[in-house]
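Q: Take the given structure of chain L and dock chain Z to it, following the hints.
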Amino acid sequence: MKKIFLLFVAFLTLNFLPAQVKIQGQIKDNRNHPLHGVSISLKDSYDGATTDSTGSFSFRTTETGEHILIATSIGYNTIEQKILIGKERVTVNIFLKEKLDELKAVMVTAGSFAAGDSKRAAVLSSLDVATTAGSNADITAALKTLPGTQQVGEQEGLFVRGGAGYETKQFIDGALVNNPYFSSTPDISSRGRFSPFLFKGTVFTAGGYSALYGQALSSALLLETIDLPEKSEVNASISPLFLGAGTQHQAKDKKSSWGINYSYVNVALYFNLVKQTPDYFKIPEFQNGDANFRFKTKTGGIVKYYTTFSFSNLGLRRPDIDSSYLKDAFALNNYNWYNNLSWRENLGKGWRMNLVTSYSTNTDDVSQQIQDQNNRAKQFANGLYWMRNKNFDLHRRQDLSQIKGVFEKKLIGISTIRFGSEYWYSYDKSVMKDTARKLIDNYTAVFAESDIYITNGLAAKIGARFENSSLIHKADIAPRISLAYKTGKNAQMSVAYGTFYQKPENNQLYYTTALGMTKATHYILNYQKMTVERIFRVEGYYKKYEDLIKMVPANFYTSNYNNNGSGYAKGIDVFWRDKKSIKNFDYWLSYSYIDTKRDYLNYPQHMQPNFVANHTASVVMKRFYTSIKSGFNFTYSYATGRPYYNLMVNNNNKYFIADEGKTKSYNTLNFSGEYVPSIGKALAKVFIVLFASMSNVLGANQVYGYNYSYNGKYKEAITPPAKRFYFIGLFLSWGVDRTQDVINNNL
Amino acid sequence: MKKLLVSLSVLLLAYASFGQNDKFQKGMEKTMTMLDSAKTSEDYTSVAAAFERIGDAEKTQWLPYYYAAFCNIMKGFQDQKVNKDEVATKAEELIAKAEAIEPKNSEIFILKNMASTLHMLVDPQTRWQQYGAKGNEALAMAKQLDPNNPRAYLMEGQGIFGMPVQFGGGKDKAKPVFEKSVSLFEAQKPASSLAPQWGKSSAERMLALCK
Numbered sequence: 001m002k003k004i005f006l007l008f009v010a011f012l013t014l015n016f017l018p019a020q021v022k023i024q025g026q027i028k029d030n031r032n033h034p035l036h037g038v039s040i041s042l043k044d045s046y047d048g049a050t051t052d053s054t055g056s057f058s059f060r061t062t063e064t065g066e067h068i069l070i071a072t073s074i075g076y077n078t079i080e081q082k083i084l085i086g087k088e089r090v091t092v093n094i095f096l097k098e099k100l101d102e103l104k105a106v107m108v109t110a111g112s113f114a115a116g117d118s119k120r121a122a123v124l125s126s127l128d129v130a131t132t133a134g135s136n137a138d139i140t141a142a143l144k145t146l147p148g149t150q151q152v153g154e155q156e157g158l159f160v161r162g163g164a165g166y167e168t169k170q171f172i173d174g175a176l177v178n179n180p181y182f183s184s185t186p187d188i189s190s191r192g193r194f195s196p197f198l199f200k201g202t203v204f205t206a207g208g209y210s211a212l213y214g215q216a217l218s219s220a221l222l223l224e225t226i227d228l229p230e231k232s233e234v235n236a237s238i239s240p241l242f243l244g245a246g247t248q249h250q251a252k253d254k255k256s257s258w259g260i261n262y263s264y265v266n267v268a269l270y271f272n273l274v275k276q277t278p279d280y281f282k283i284p285e286f287q288n289g290d291a292n293f294r295f296k297t298k299t300g301g302i303v304k305y306y307t308t309f310s311f312s313n314l315g316l317r318r319p320d321i322d323s324s325y326l327k328d329a330f331a332l333n334n335y336n337w338y339n340n341l342s343w344r345e346n347l348g349k350g351w352r353m354n355l356v357t358s359y360s361t362n363t364d365d366v367s368q369q370i371q372d373q374n375n376r377a378k379q380f381a382n383g384l385y386w387m388r389n390k391n392f393d394l395h396r397r398q399d400l401s402q403i404k405g406v407f408e409k410k411l412i413g414i415s416t417i418r419f420g421s422e423y424w425y426s427y428d429k430s431v432m433k434d435t436a437r438k439l440i441d442n443y444t445a446v447f448a449e450s451d452i453y454i455t456n457g458l459a460a461k462i463g464a465r466f467e468n469s470s471l472i473h474k475a476d477i478a479p480r481i482s483l484a485y486k487t488g489k490n491a492q493m494s495v496a497y498g499t500f501y502q503k504p505e506n507n508q509l510y511y512t513t514a515l516g517m518t519k520a521t522h523y524i525l526n527y528q529k530m531t532v533e534r535i536f537r538v539e540g541y542y543k544k545y546e547d548l549i550k551m552v553p554a555n556f557y558t559s560n561y562n563n564n565g566s567g568y569a570k571g572i573d574v575f576w577r578d579k580k581s582i583k584n585f586d587y588w589l590s591y592s593y594i595d596t597k598r599d600y601l602n603y604p605q606h607m608q609p610n611f612v613a614n615h616t617a618s619v620v621m622k623r624f625y626t627s628i629k630s631g632f633n634f635t636y637s638y639a640t641g642r643p644y645y646n647l648m649v650n651n652n653n654k655y656f657i658a659d660e661g662k663t664k665s666y667n668t669l670n671f672s673g674e675y676v677p678s679i680g681k682a683l684a685k686v687f688i689v690l691f692a693s694m695s696n697v698l699g700a701n702q703v704y705g706y707n708y709s710y711n712g713k714y715k716e717a718i719t720p721p722a723k724r725f726y727f728i729g730l731f732l733s734w735g736v737d738r739t740q741d742v743i744n745n746n747l
Numbered sequence: 001m002k003k004l005l006v007s008l009s010v011l012l013l014a015y016a017s018f019g020q021n022d023k024f025q026k027g028m029e030k031t032m033t034m035l036d037s038a039k040t041s042e043d044y045t046s047v048a049a050a051f052e053r054i055g056d057a058e059k060t061q062w063l064p065y066y067y068a069a070f071c072n073i074m075k076g077f078q079d080q081k082v083n084k085d086e087v088a089t090k091a092e093e094l095i096a097k098a099e100a101i102e103p104k105n106s107e108i109f110i111l112k113n114m115a116s117t118l119h120m121l122v123d124p125q126t127r128w129q130q131y132g133a134k135g136n137e138a139l140a141m142a143k144q145l146d147p148n149n150p151r152a153y154l155m156e157g158q159g160i161f162g163m164p165v166q167f168g169g170g171k172d173k174a175k176p177v178f179e180k181s182v183s184l185f186e187a188q189k190p191a192s193s194l195a196p197q198w199g200k201s202s203a204e205r206m207l208a209l210c211k
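Here the protein sequences line up with chains L and Z, keeping their order. Taking the numbering used here, I'd label the letters of the first sequence as residues 1 to 747. Taking the numbering used here, I'd label the letters of the second sequence as residues 1 to 211.
Chain L extracted, bound-state conformation:
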């Protein structure tokens, strides 16, 4: 009996104090650095440990036999290793490999400024666009505070690194936008058609952009529309310049939404208060409407449709440059309708698909007329050809239909391959002085691109694009290569090379389609250091232009065109943004230097284009005071003088420089402020924003260039229609919080 009891006690103690074996070792990364905080565990047991600062671990276990030891750490690939536990201590040393991680990995940044609200820190968000003084919520105007862009005020467009405005193209969800700006008026730049709040991401590439895009010699502006809105709301905007109203409706299950907006712009009141230099005989008037619907698919994809139409008309009179008593009257009616339907889908097994189709139509009716002092039309004899050509009516219609498909497959790790194709059908018809011209182009492109991650610190993007235009019977292949290398924490270097082709402009193709693609080759070297609150980047580039379009005079007023133009651009862009050093104060600085010359169009030799200033700089400052719920924003931009030329045809039918000069330097200080009384009140029924802005606060006289009389004897400065621009507006939105619906759906 006693024996049994003893045996029992012995048995219990044995069970409570089983033989323990020590397991120890060290964990290092690939570069032989010890890793701390790595969790070591014996599979299916509670036993394990965490490594200390020397990467060492040790623990005791009662398990015996064959087991699996698991080592895991955030940011590293988990390793499972078989070990045999006997009576002796076990020593295991493990090397962990860093996990390839999209958020940690280097990103090719040569040439591109990512802006948006994605997880990666962004350069500019849509709110930044709205609150950049001088932008008045125009995306292009805000981007002009980034380096590499020119302060061109007499025409619309982004003039990037020595490129003209038409050499930058805009893409919405991958589809080219044919008429991204409101139709232009001579010597006045017009706004972009799209609100920054339509987009969740904006990538502004100053060069070296992806093979997924083409037909832009300088730059691609990639706009990605928002998915579903955060909530349902009704909104209204009131301003002396416009009235607007709209609604956005989100379904109860948060899986679909639709919206509709309308606004009416009429500047009559404003022009009464703020005198304009031109005499507006037809006050600018715009009617804009847009509508959208979006829904999520069962497999995690999304379908989005967006459409916008606008109807506008205006008319203005200015003194004629060739006469002291005649006037130039310009009138424009524009009708534009834009549609974009996209479908993003996960196809499973690492495949993703992006389909987009888009249709747009744009009609301009322009009337240009010489009028006398009583505003009556005046006709001229054939001999006065320079006056006669100033009397015309132009009717122009431009349509673009396109479809694009991109397929993406995740390869090993985070490496990705994407490929696809696109087709554009463009129709352009103009009737001027009873001469009708029509262009139809079938443009096709096939492209492939691969992001290859060798490690988190070294990545390459290799791609190529094949393009063919039926109109000019020309095809080309454009290779694009870029590399990024991590040089330290948050810092990286990248290089990019690529060739870019662009068809000649339609107003050249009207006269001959026996032209080839124009070509640019980009070389870019970039260094960037970026944290959430600070960005520093410096980028140097060299661009070579070939096959640019040149004009050869046939007689005094018509020309022939060929591809004999060429040129180069080289320069350096510097950007610094800091949200950290001063609390609630956000500022950025941009500086660009450029040296560029082109021999193209009517230039008799290689010379600096008239839209290029050698030095440009911008300072943008924003400060929000929570105590008064108001923000104040200032932007100061400076550019050295730009060259201007009077290019005339000599007796040998050759262009020559009849006169040249440099404008005075450009500078402007812009201000904007917002008062947001309902900020931070999550449950506020109405959200109010009062916004006001003023451009050119200091009243600097701005000269963008000069217009010359036909004989070159008289020149006149091109200036803005008014010295300053003022804006005030009240924006209201009434939100419907759907949180409770979501909760009910989940319960």
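Hints listed in this document are in silico derivations from the structure and should not be mistaken for laboratory results. Among the hints, a few may not be true.
[As the list claims (entries may be wrong)] Pairwise CB distance ranges, derived in the manner of DEER restraints: (1) Z/Gln80 with L/Ile628: 28 to 34 Å; (2) Z/Gln80 with L/Ile238: 40 to 46 Å; (3) Z/Lys104 with L/Gly348: 48 to 54 Å; (4) L/Ala464 with Z/Pro124: 40 to 46 Å; (5) Z/Pro124 with L/Lys349: 56 to 62 Å; (6) L/Phe59 with Z/Gln80: 27 to 33 Å; (7) L/Phe407 with Z/Lys104: 36 to 42 Å; (8) Z/Gln80 with L/Ile481: 37 to 43 Å; (9) Z/Pro124 with L/Ala268: 53 to 59 Å; (10) Z/Lys104 with L/Lys349: 29 to 35 Å.
[As the list claims (entries may be wrong)] Partner residues aside, some chain Z positions facing chain L, computed with beta carbon under 7 Å: (11) Glu29; (12) Thr45; (13) Ser46; (14) Leu121; (15) Pro124; (16) Thr126.
Predicted, not measured: the structure shown is a model, and the values here were computed from it. The beta-carbon is built from N, C-alpha and C at its ideal position, and this holds for glycine as well.
A: Just chain Z, lined up with the frame of chain L:
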């Protein structure tokens, strides 16, 4: 003799069957003691790992994953050097594991709220709209599932406390919420000794700050 053998075998049987549960209980209790004394980021890392080991070995218990996620979140809040997105993402993975075992539990939604807050803190100005809304939704869900969860009011109070007065936040607005939290803490009756009970001292400290 026979009797002894019978009672011995009964005892052994009971011991063996009880052993498994006892092991979980003891393992959890031991790790929770470690959690109580955790101070540094390293402490939280190793406690989180210990909880995760228990969770992985047990497979059917949600509490180890819950506490492992909690440790990761605490690490994110306490150590300013740690990558908040990284630990919040890790916590969310663990929360998903816990939720798969124990769906619709108020405590799990509290952690979801905290993880969203961590993500938001990385860049509040641009992220509040996305992660703030997500966090609020989780908090509303937590309250709906258990209107008497004192931790829900602690989180709500902290959100209000941190918001500027002009935005409808501040001490005065947070005070009644903390008061409610403290009173619920005093009345709280945990389902088991392992059930979440943390937060009382934080609520009391926050309430004191409001006075």
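Q: None of the hints should be skipped; say for each whether it holds.
A: Here is how each hint holds up against the structure:
1. Z/Gln80 with L/Ile628: 28 to 34 Å: This hint holds: roughly 30 Å between Cβ atoms.
2. Z/Gln80 with L/Ile238: 40 to 46 Å: 45 Å, holds
3. Z/Lys104 with L/Gly348: 48 to 54 Å: 29 Å, violated
4. L/Ala464 with Z/Pro124: 40 to 46 Å: 42 Å, holds
5. Z/Pro124 with L/Lys349: 56 to 62 Å: At roughly 38 Å between Cβ atoms, L/Lys349 and Z/Pro124 fall outside 56 to 62 Å, so the hint is violated.
6. L/Phe59 with Z/Gln80: 27 to 33 Å: The hinted range 27 to 33 Å holds for L/Phe59 and Z/Gln80, with Cβ atoms some 30 Å apart.
7. L/Phe407 with Z/Lys104: 36 to 42 Å: Given a distance of about 39 Å, which is inside 36 to 42 Å, the answer is holds.
8. Z/Gln80 with L/Ile481: 37 to 43 Å: 40 Å, holds
9. Z/Pro124 with L/Ala268: 53 to 59 Å: 43 Å, violated
10. Z/Lys104 with L/Lys349: 29 to 35 Å: Since Z/Lys104 and L/Lys349 have Cβ atoms about 32 Å apart, the given range 29 to 35 Å holds.
11. Glu29: Nearest chain L Cβ about 12 Å off; hint violated.
12. Thr45: Since chain L brings a Cβ to about 5 Å from Z/Thr45, closer than 7 Å, the hint holds.
13. Ser46: Hint holds; Z/Ser46 Cβ to chain L Cβ min 4 Å, cut 7 Å.
14. Leu121: Not OK, violated: Z/Leu121 not within 7 Å of chain L, min 10 Å.
15. Pro124: It is violated, given that the least Cβ distance between Z/Pro124 and chain L is near 10 Å, above 7 Å.
16. Thr126: 5 Å, holds
When each numbered hint is compared with the structure, violations occur for hints 3, 5, 9, 11, 14, 15.
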